[in-house]
Amino acid sequence: MICPCCGGEMLPDGLSCSCGARVVGPPLSEPDYFVPQVGRSVTALVLAIISIFAFVWKGLLVLTLVAIYLAFTARKQTLSDSRHFGGYLTATTALVLSTIITLSVSIYVGVGIPKYLRTEEEKQRAATRAQMYHLASALLEYKIEHGAYPVSLEELKSTKENLELIDFWENKLKYRATAELAVDAQPGINQPLPFFNQYQLVSPGADAKLGTTDDLVMRDGTILQSAKISISEEESSEE
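In terms of my numbering, the sequence shown opens at residue 1 and continues consecutively.
These aren't lab readings, by the way, just hints derived from the structure by calculation. Hints may be right or wrong, so weigh each one.
Distance windows between CB atoms, simulated [unchecked claim]:
id	residue 1	residue 2	range
1	D81	R118	47 to 55 Å
2	K209	Y69	43 to 51 Å
3	I100	N162	25 to 33 Å
4	E121	K172	34 to 42 Å
5	W57	A208	34 to 42 Å
6	F55	A21	20 to 28 Å
7	T212	N162	28 to 36 Å
8	Y108	K172	16 to 24 Å
9	T212	S106	28 to 36 Å
10	V96	E121	54 to 62 Å
11	F34	P114	47 to 55 Å
12	H146	K115	15 to 23 Å
13	D214	F55	27 to 35 Å
Listed next, the in silico DSSO-like pairs over lysine-lysine satisfying Cα-Cα at most 27 Å (straight line) [unchecked claim]:
id	residue 1	residue 2
14	K157	K172
15	K123	K172
16	K143	K58
17	K115	K209
18	K58	K157
19	K76	K123
20	K115	K160
21	K157	K115
22	K143	K157
23	K160	K172
24	K143	K160
25	K209	K123
26	K172	K143
Even glycine gets a Cβ: it sits at the ideal position worked out from N, Cα and C.
Taking the hints into account, I'd like the entire structure generated from these sequences.
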């Protein structure tokens, strides 16, 4: 029995309460109508609405999971005891909305991650290209001053202490000064072209392996879209 004074449970004797109240008449009759509890259903719906912003901030996706749990349990309570628990329609709406948001954000993230990775890879390649152009400028200055390109990048660095000889992925750039690159680049031409017979600079790319599709190849200050790499692993290890 509920104490009408404090709302607590009456003592086992049914005549008094721990708050000091005592029974002075017959117990109150049951109300004709119970106001059903809808707190869990409403909370689930509010969380589901807030979680719409998970498209902007992915951390809010956790709220959709909480909303799904609350909506599911609220529906279960309503079906098992509709006299004391209400908000079935509200809970159903929250459950559907939360599920749709969760699936939509998951698809959005699944599609966006590969695109993000491609963008990051291009940024990394752009940074490496910028480094290679910086080295090309230093090589040209060296040639103007000494009449020829250096034999190795270490020789170039001895004249410019702040030069970085690695790419974005911290792979050592591969360099070779040669007069035979024109023959490699233009099969069938015996006389090397001046544009190609100076030097070759190669970044192994993200996989750190020469001869793969992600290599960046520069010849005489120009980065080529596709080119035969003329620096072998043995030669590059000597740098």
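Task: Violated constraints from the hint list, given by number and in increasing order - done: Hints 3, 4, 6, 8, 10, 12, 16, 18, 19, 20, 21 are the ones this structure does not satisfy, whereas the remaining hints hold.
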